[in-house]
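A.B. asks: Residue numbers (my numbering), protein chains in the order written: chain A, 7 to 298; chain B, 564 to 736.
Check each hint, because a few of them may be wrong.
Said to hold, decoys possible - Below, a sample of chain B positions facing chain A; criterion: calculated Cβ distance under 7 Å:
(1) ASP578
(2) ASP730
(3) ALA733
Stated by the list, open to error - Part of the chain B face toward chain A, derived, beta carbon under 10 Å:
(4) ARG579
(5) ARG618
(6) ASP619
(7) GLY620
What the hints assert, rightly or not - Okay, derived cross-link-like pairs now, DMTMM-like style, lysine to aspartate or glutamate, Cα gap no bigger than 25 Å in a straight line:
(8) B/LYS634 to B/ASP730
(9) B/LYS610 to A/ASP253
(10) B/LYS610 to B/GLU651
(11) B/LYS610 to B/ASP657
(12) B/LYS634 to B/GLU656
(13) B/LYS634 to B/ASP607
(14) B/LYS634 to A/GLU278
(15) B/LYS634 to B/GLU714
(16) B/LYS610 to A/GLU278
To be clear, the hints were calculated from the coordinates, so they are not data collected in a lab. Glycine included, each C-beta is placed from N, C-alpha and C at the ideal position.
Listed below, chain by chain, are the residues.
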Amino acid sequence: MNATYDLHRHLWPVELLEELRRRREPPRLDGWTLRLADGDYDLEPHAYGLERCLAELDRDGISVAVVSLPPTLGIDELPAEEAEPLRAAYHEGALAAVAASGGRLRALALDRPRDGFAGVCVAASALADLDALAPVLDELQRRGELLFVHPGLSPAAEGAPPWWQAVVGYTAQMQAAYAAWLAAGVDRWPDLRVLFAILAGGGPFQLERFRSRGFDVRRAQQPTIFFDVASYGNRAIEHCLATLGGDALVYGSDAPVLDPRITLAAVRSFGEAVVNVLCHSNPEELLSARHA
Amino acid sequence: MHDTREWIAGHLPGDRDLERPELAELATLIGREPDVWRRHVVHDPGKRYYTQLYRDGHVDIWLICWMDDQKTGYHDHDLSSGGVYVCEGALVEDRFRITTTGLEHASRIREAGESFVFDAAYIHGMRHAGGPPASSIHCYSPPLWRMGYYEEDGQGSLSRVSMTYLDEVAESA
Chain A
7 MNATYDLHRH LWPVELLEEL RRRREPPRLD GWTLRLADGD YDLEPHAYGL
57 ERCLAELDRD GISVAVVSLP PTLGIDELPA EEAEPLRAAY HEGALAAVAA
107 SGGRLRALAL DRPRDGFAGV CVAASALADL DALAPVLDEL QRRGELLFVH
157 PGLSPAAEGA PPWWQAVVGY TAQMQAAYAA WLAAGVDRWP DLRVLFAILA
207 GGGPFQLERF RSRGFDVRRA QQPTIFFDVA SYGNRAIEHC LATLGGDALV
257 YGSDAPVLDP RITLAAVRSF GEAVVNVLCH SNPEELLSAR HA
Chain B
564 MHDTREWIAG HLPGDRDLER PELAELATLI GREPDVWRRH VVHDPGKRYY
614 TQLYRDGHVD IWLICWMDDQ KTGYHDHDLS SGGVYVCEGA LVEDRFRITT
664 TGLEHASRIR EAGESFVFDA AYIHGMRHAG GPPASSIHCY SPPLWRMGYY
714 EEDGQGSLSR VSMTYLDEVA ESA
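Generate the whole structure from the sequences, applying the supplied hints.
C.D. replies: This is the structure:
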């Protein structure tokens, strides 16, 4: 049986939890309340741990998860001396989790390519300044590793409902990142494989609008651009499959933030061939290190 | 030697969905340029072989290789119109014909050098006509995603089974 992958899972190693508990300013962990610059979130204890991750993979029939630390924690926004201990704790803990997982986990680094990691996870806003990100992208391309673009901190609007940031803020960030990549990134790093979380916030839905404004959308159809389907269902996935074909999408769950079973059920509803492409062959293509 | 994708991209009539005559013209243009498709040809006695030569948001293009009694079965193309060019060998196109007494089968041969078009709703089946192996170029716009396959449902009735092109590719793999 083919190995199946979830390209978008989050893992907070115990080393990172300890470091977050030591802090007095956001991002910090107070009991199991996560206090971020954009608000407080009650966490389910241990939901972000290795044990839960492996149990859910078993339950859902997924062989391997690619785990990252969500940029929504806001570590990138901290002064370097504050960010560094958090990054170090994540990297140390993630490597330990990968080693303890019996081949079930691969991890993404936070800031730059690192040995033992499958690539780097950056906040969507980082793509707004490709010159600043260039050293990371050059090195990723050279190593043949992937860039995972994920939503970052999104300030809450006053009086907004709790879903506002995730639905309005994150999607807008991801669309901007996708447009930035099409505008200037894909030609500059033609061999770098890029995975946009949450269907790039609906980026592929905008392709007709891109065209209406003079962009040649055939340039969007690059074999190096991938999207994970986290949080989406049959309709959005069908639209992207019909528009982009089967080669561009991969299964990603955003667990444990979201219940992975909902998106997984949507993927499985398309039948075995689509499952094989989204959960197996495209992820293996995306993860195969090809040194430039 | 041409880079297949690049050559096709450079010969598309526009960055838009294509009309049926344009699909036939495109299939013919590609089919008459063996440098573009010849190296992708695989005639496999075990299965009908096909490979995607190009896909964008408006059109996708396949090379299909046929031999012996290989066939598609009756199908439609859901939302996509199509244009086909037979590069070598010969194919038979089967269709349902509605008559006063009900449905009948009708067939016509499609020889090398011939092109034909169909709209999305049209139901047909394609098969190798026998003789030497055949190769054909198939252009679809908007790009093929789902197809309807017409099968006997086990109780003697005709039923439509919706499949994606990925299912079809998986079956041929």
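A.B. asks: Now, for every hint given, state plainly whether the structure supports it.
C.D. replies: Cross-check of the supplied hints:
Restraint check, B/ASP578 versus chain A: the minimum CB separation of about 6 Å is within 7 Å; hint holds. Hint on B/ASP730 holds. Least Cβ distance to chain A is approximately 4 Å, under the 7 Å limit. Interface restraint check: B/ALA733 against chain A, minimum CB-CB distance 4 Å, threshold 7 Å, status holds. With a least beta-carbon distance of about 8 Å to chain A, the hint placing B/ARG579 at the interface is held under the 10 Å criterion.
With 10 Å as the threshold, the beta carbon of B/ARG618 comes within range of chain A, its nearest partner Cβ sitting at about 5 Å, so the hint holds. A hinted interface residue such as B/ASP619 counts as satisfied when its beta carbon comes closer than 10 Å to some beta carbon of chain A; here the least separation is about 5 Å, so the hint holds. Because the closest C-beta pair between B/GLY620 and chain A is about 6 Å apart, less than 10 Å, the hint holds. Among the hinted pairs, B/LYS634 with B/ASP730 is consistent with the structure: their alpha-carbon atoms are about 16 Å apart, no more than 25 Å.
Between the alpha carbons of B/LYS610 and A/ASP253 the distance comes to roughly 23 Å, so the proposed pair stays at or under 25 Å and holds. A distance of roughly 18 Å separates the Cα atoms of B/LYS610 and B/GLU651; the hinted pair therefore holds under the 25 Å criterion. Taking the CA atoms of B/LYS610 and B/ASP657, the gap is about 19 Å. The hint holds against a cut of 25 Å. Distance restraint check for B/LYS634 and B/GLU656: the Cα-Cα separation of roughly 10 Å lies within the 25 Å cut-off, and the hinted pair is therefore satisfied.
Restraint check for B/LYS634 and B/ASP607: the C-alpha separation of about 13 Å stays at or below 25 Å, so the hint holds. A C-alpha spacing of about 22 Å is found between B/LYS634 and A/GLU278, which places the hinted pair at or below 25 Å, so the restraint holds. Between B/LYS634 and B/GLU714 the alpha-carbon distance is near 14 Å, which keeps this suggested pair within the 25 Å criterion. Between the alpha carbons of B/LYS610 and A/GLU278 the distance comes to roughly 20 Å, so the proposed pair stays at or under 25 Å and holds.
Consistency note: the structure conflicts with none of the earlier hints.
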